[in-house]
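**Student:** Dock chain C against the given chain S, drawing on the hints supplied.
Protein chains in written order, with numbering that gives the first Met the number 0: chain S, 0 to 337; chain C, 0 to 326.
Some clues are possibly wrong.
[To be verified] Covered stretches of chain C, going by a simulated chain S footprint (3 or more residues, C-beta under 8 Å):
| # | segment |
| --- | --- |
| 1 | 7-19 |
| 2 | 185-194 |
[Said to hold, decoys possible] Simulated coverage check for chain C against chain S, where a stretch passes if three residues somewhere in it have a Cβ under 8 Å from a Cβ of chain S:
| # | segment |
| --- | --- |
| 3 | 130-144 |
| 4 | 280-289 |
| 5 | 294-303 |
The hints are simulated quantities; they were obtained by calculation from the structure and are not laboratory data.
As the structure is a computational prediction, the values presented were derived from the model and not from experiment.
Built from N, CA and C at the ideal position, the CB exists for glycine as well.
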Amino acid sequence: MAMLPVSAPAEWPQNLPPPVVSGPARRGRPGLTRLVRAVRSNRKATAGTVLLVLFTLVALFPGVIAHDNPSATIYARSLGPSARHLLGTTALGQDIWAQTVYGTQQVLIIAIGVGLLSTGVAVLIGVAAAYLGGWWDGGLSLLTDVLLVIPLFPLLIVIATYVQGAGTLILVLVLTLTGWSYTARQLRSQALSLRSRDFLEAARVRGERRMYIVLVEIIPTMTSLIVASFLTNALYAVLFGSSLQFIGLGDPNSVSWGTMLYWAENNEALQTGQYLWAIVPGVCIAALGAAFALLNYAFDEIGNPALRPLRARRRMGRRSRKARVAVPVSGMGVSRAR
Amino acid sequence: MRFLLRRLGFFAVTMWAALTLNFFLPRLMPGNPAEAMMGKFRGPVSPQALKALELAFGVDTHQSLISQYFGYIGDVATGKFGTSLYFYPTSVGRVILDAIPWTLGLVGVTTILAFVLGTGIGIMSAWRRGGALDSIGPPVFVIATAIPYFWIGLMLILIFAVRLQWLPAAFGFDITLTPSLSLPFIANILEHAILPATALLVTTIGTWILTMRNNMITTLAEDYVRMARAKGLPGRRIMLDYAARNALLPNLTGFAMSLGFVVGGAILVEYVFNYPGVGYMLLQAVNNEDYPLMQALFLLITVAVLVAILLADIATAVFDPRTRTGG
Numbered sequence: 000m001a002m003l004p005v006s007a008p009a010e011w012p013q014n015l016p017p018p019v020v021s022g023p024a025r026r027g028r029p030g031l032t033r034l035v036r037a038v039r040s041n042r043k044a045t046a047g048t049v050l051l052v053l054f055t056l057v058a059l060f061p062g063v064i065a066h067d068n069p070s071a072t073i074y075a076r077s078l079g080p081s082a083r084h085l086l087g088t089t090a091l092g093q094d095i096w097a098q099t100v101y102g103t104q105q106v107l108i109i110a111i112g113v114g115l116l117s118t119g120v121a122v123l124i125g126v127a128a129a130y131l132g133g134w135w136d137g138g139l140s141l142l143t144d145v146l147l148v149i150p151l152f153p154l155l156i157v158i159a160t161y162v163q164g165a166g167t168l169i170l171v172l173v174l175t176l177t178g179w180s181y182t183a184r185q186l187r188s189q190a191l192s193l194r195s196r197d198f199l200e201a202a203r204v205r206g207e208r209r210m211y212i213v214l215v216e217i218i219p220t221m222t223s224l225i226v227a228s229f230l231t232n233a234l235y236a237v238l239f240g241s242s243l244q245f246i247g248l249g250d251p252n253s254v255s256w257g258t259m260l261y262w263a264e265n266n267e268a269l270q271t272g273q274y275l276w277a278i279v280p281g282v283c284i285a286a287l288g289a290a291f292a293l294l295n296y297a298f299d300e301i302g303n304p305a306l307r308p309l310r311a312r313r314r315m316g317r318r319s320r321k322a323r324v325a326v327p328v329s330g331m332g333v334s335r336a337r
Numbered sequence: 000m001r002f003l004l005r006r007l008g009f010f011a012v013t014m015w016a017a018l019t020l021n022f023f024l025p026r027l028m029p030g031n032p033a034e035a036m037m038g039k040f041r042g043p044v045s046p047q048a049l050k051a052l053e054l055a056f057g058v059d060t061h062q063s064l065i066s067q068y069f070g071y072i073g074d075v076a077t078g079k080f081g082t083s084l085y086f087y088p089t090s091v092g093r094v095i096l097d098a099i100p101w102t103l104g105l106v107g108v109t110t111i112l113a114f115v116l117g118t119g120i121g122i123m124s125a126w127r128r129g130g131a132l133d134s135i136g137p138p139v140f141v142i143a144t145a146i147p148y149f150w151i152g153l154m155l156i157l158i159f160a161v162r163l164q165w166l167p168a169a170f171g172f173d174i175t176l177t178p179s180l181s182l183p184f185i186a187n188i189l190e191h192a193i194l195p196a197t198a199l200l201v202t203t204i205g206t207w208i209l210t211m212r213n214n215m216i217t218t219l220a221e222d223y224v225r226m227a228r229a230k231g232l233p234g235r236r237i238m239l240d241y242a243a244r245n246a247l248l249p250n251l252t253g254f255a256m257s258l259g260f261v262v263g264g265a266i267l268v269e270y271v272f273n274y275p276g277v278g279y280m281l282l283q284a285v286n287n288e289d290y291p292l293m294q295a296l297f298l299l300i301t302v303a304v305l306v307a308i309l310l311a312d313i314a315t316a317v318f319d320p321r322t323r324t325g326g
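Next comes chain S alone, as it looks inside the complex (with noise of 0.2 Å):
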């Protein structure tokens, strides 16, 4: 009952289900019920998804499974598993599960932060391009494929450099900056394909307004290449995100994944035994990294066709053959660089 919508009135009897939030607006969202029953179809998903919600679950309550404060050094260094340290302490005197279990807030934040973010600048400049065509999509495409072909690492460690000691929000906007050019290239190639369709061809015609087209005709009907869009960003931001910090150009205060691999390494944990110190952390990352990509991968296999990116583009004829050249391969937005 706690879910009771706020619009409940008051005296709506306590022994009756909480009212179904109305029919049309779950008729009117196609997209999203059919990626519910599309997760628990695929077993790549359904993994994704457990994975997912259990680092959620973490990030939310690090208190129930975790009583250390994992910024206090006040541990006796480098101790072994026990039962009063799980994982053991680091050299630095602190507590290495307290650390993991409270590392993961950040970590989630920097991922869907980087999600959000960058699959809305994605949508806008992508939709926007192909929408309003000719200058701007000329413009808007020049300015994505340019952004594209900059290696991003490189670009990131630069950008980070002149910051110095980036914390959680600025690593959430220099990485957008940079990573939101795959998925607009992606979602403008799907607006394209879709701009001659009947049904927006009915909706000029009945008169609709510009935004009422983009924002209920079309976006609407891209839902799952927008899903997938923020799945690989917040991989993109997981694993760029935790390299920055591991090679020492985030905040090296914060409690996060990356950092504690940035004080393993340079407590030379691996010399002096201290191996869970840097295998944990590393642990933690490919799992919630795999969690985005298990999704990612579970939608290209049972999504519309149109999103696996290189079938797509293979339909798409010629203007595919430039997308190709600049992105072949759907993982290049992660691997490129590295």
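**Tutor:** Chain C in isolation, oriented as in the chain S frame:
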């Protein structure tokens, strides 16, 4: 021809964008970071070098932004990258030239190896659709793409260098040896390359396998493959000459591009293994606030990628007639 001209134009625009980024980034930051850097190096660095730096980073100069900007572009065009601060008094150009062979050797060879192996495995797994390779491969490689490169490097060091002590954990060669062209020295270099190469291979091969597999699956559904089957051609011939040949085309451009990224090196792998290549130098420059070196390396990496893309475009135009007519 129009296609190539357009690509050349794109090359020029991107180059200009990278230069402009390089120029404006330090100037956009609150409290020009170059100022702090210069304070740090005031002692050992000669006044002339400092003067040049002040010009390059826009500290305490009376020149207008525009003339600074054109001065910078002129310097880059004539190859004047200045002096490295961390490796003072070595010039930035020298430091980079020393680093390039290491990266080309390690990352170049590994990239080619990953492409050839990955493409082969991708072809096989699509050909035997539903076979063991095809059902286990994809999920494994999807998960592999989520593992950070540097962490795989750390784990390899832990297992093979720290625990088993089979292979060295760092550097391009044993620093007690004098570099020479002798057999033991070359063997020493190879020995030092095994772990970083493995780290790179493990993490890059999955992408090639997956894309080649997906391309193959699409190609195998094409009419000309069905036609070849109907003609009763042997399976090997259909797989290689009909399907794989066509499926490879989009991947070739990807391969050319990844060769461009070779120069950038696998920055983090070089960092973890202290491998003296371009990526390692970039991080050395970053950690020691050697901005001239950092800027030059960023430009070099960008140029390498752009040239590779341009070559890929030309190759596509040569191999695929549809591009030429399509414009």
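**Student:** Could you run down the list of hints and mark each one as holding or not?
**Tutor:** Okay, the hints, checked on the actual structure:
no.: 1; hint: 7-19; verdict: holds (count 5)
no.: 2; hint: 185-194; verdict: violated (count 0)
no.: 3; hint: 130-144; verdict: holds (count 5)
no.: 4; hint: 280-289; verdict: holds (count 5)
no.: 5; hint: 294-303; verdict: holds (count 5)
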